[in-house]
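Undergrad: Chain residues, written in single-letter form:
There are 2 protein chains.
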Amino acid sequence: MFQIDPAFVATSHALGELTLCELRLQDDARYPWLVLIPRGVALREIEDLMAMERAQLMDEIVHAGRALRVLGEALGVPVEKLNVGALGNVTPQLHVHVVGRRHDDPAWPGPVWGHSPAEPYTSDELAYAVETARRALGL
Amino acid sequence: MFQIDPAFVATSHALGELTLCELRLQDDARYPWLVLIPRGVALREIEDLMAMERAQLMDEIVHAGRALRVLGEALGVPVEKLNVGALGNVTPQLHVHVVGRRHDDPAWPGPVWGHSPAEPYTSDELAYAVETARRALGL
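Taken in order, these protein sequences are the chains called P and V. The first sequence finishes on residue 222 if you use the working numbering, and the numbering steps up by one all the way, no holes. The second sequence finishes on residue 222 if you use the working numbering, and the numbering steps up by one all the way, no holes.
Be aware that one or more of the hints could be misleading.
Since the list gives no way to pick one copy over another, a pair counts as held whenever it fits inside one copy or between any two copies.
[Said to hold, decoys possible] Okay, derived cross-link-like pairs now, SDA-like style, lysine to any residue, Cα gap no bigger than 25 Å in a straight line:
# : residue 1 : residue 2
1 : K164      : R137
2 : K164      : M84
3 : K164      : G197
4 : K164      : F91
5 : K164      : T94
6 : K164      : R217
7 : K164      : Q139
8 : K164      : G123
Because the hints were derived from the structure by calculation, they are not lab data. All figures in this text were calculated on a predicted structure; none of them were measured in a lab.
Bound conformation, chain P alone (with noise of 0.2 Å):
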């Protein structure tokens, strides 16, 4: 049965579904910033998907993207680079990242993850950053 890892529960909220994922608004106010897990299981790479699932895989980063760049816009830090990455490597479990970077954010140029700790939204500014992010993803 299909079930997401813990870990993404502890560090991001729940926006909706999507044809093939699972999309979650990472907690960190300092950058808009989507996971995408396709909703299979014991899928660990990319190759693991069937190539259909792959084709909508990709479409769905780019439909994340572009939300990335209307939820920017919203949180006065508009996306100057778009980023993803599906690495994996402490949390196996299959996700993609795609985050909204800038050259005055935190770990600009390098990558965001390792960086440094999360800074999590308000309550305030979550409940604004999900509504933002749910509309602009049709969810």
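With the hints as your guide, set chain V onto chain P.
TA: Using the frame of chain P, we list chain V on its own:
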């Protein structure tokens, strides 16, 4: 006209061409590491590709990952986890890194990007790695 950013020429070696991408071997003997550069003018983000090109990119990412498993075995560092990343914060031309990771590699479990200076292949190692990668990629 399509041109590869000189930054790639300085840090990697040409392997050949797939349908969409130029394939290059990153010159860092610590990781089996391929760089895919879609042939197109002024590409910066995955969303700049047409839908069919995006699906092709996904196919070539999976193909590269399989070749990395062969390369890692040949180099004595079998791949335990694939890392896939499209960042472009430093070199904005669209490119995708596919990296073979191990629990005993220098950057584990963090990302390789920005971790530490590359350790280039010796000329003998490089010739062997290029030949092995080309064969595994069907180039």
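Undergrad: Run the structure past the numbered hints and jot down the numbers of the failing ones, going up.
TA: none
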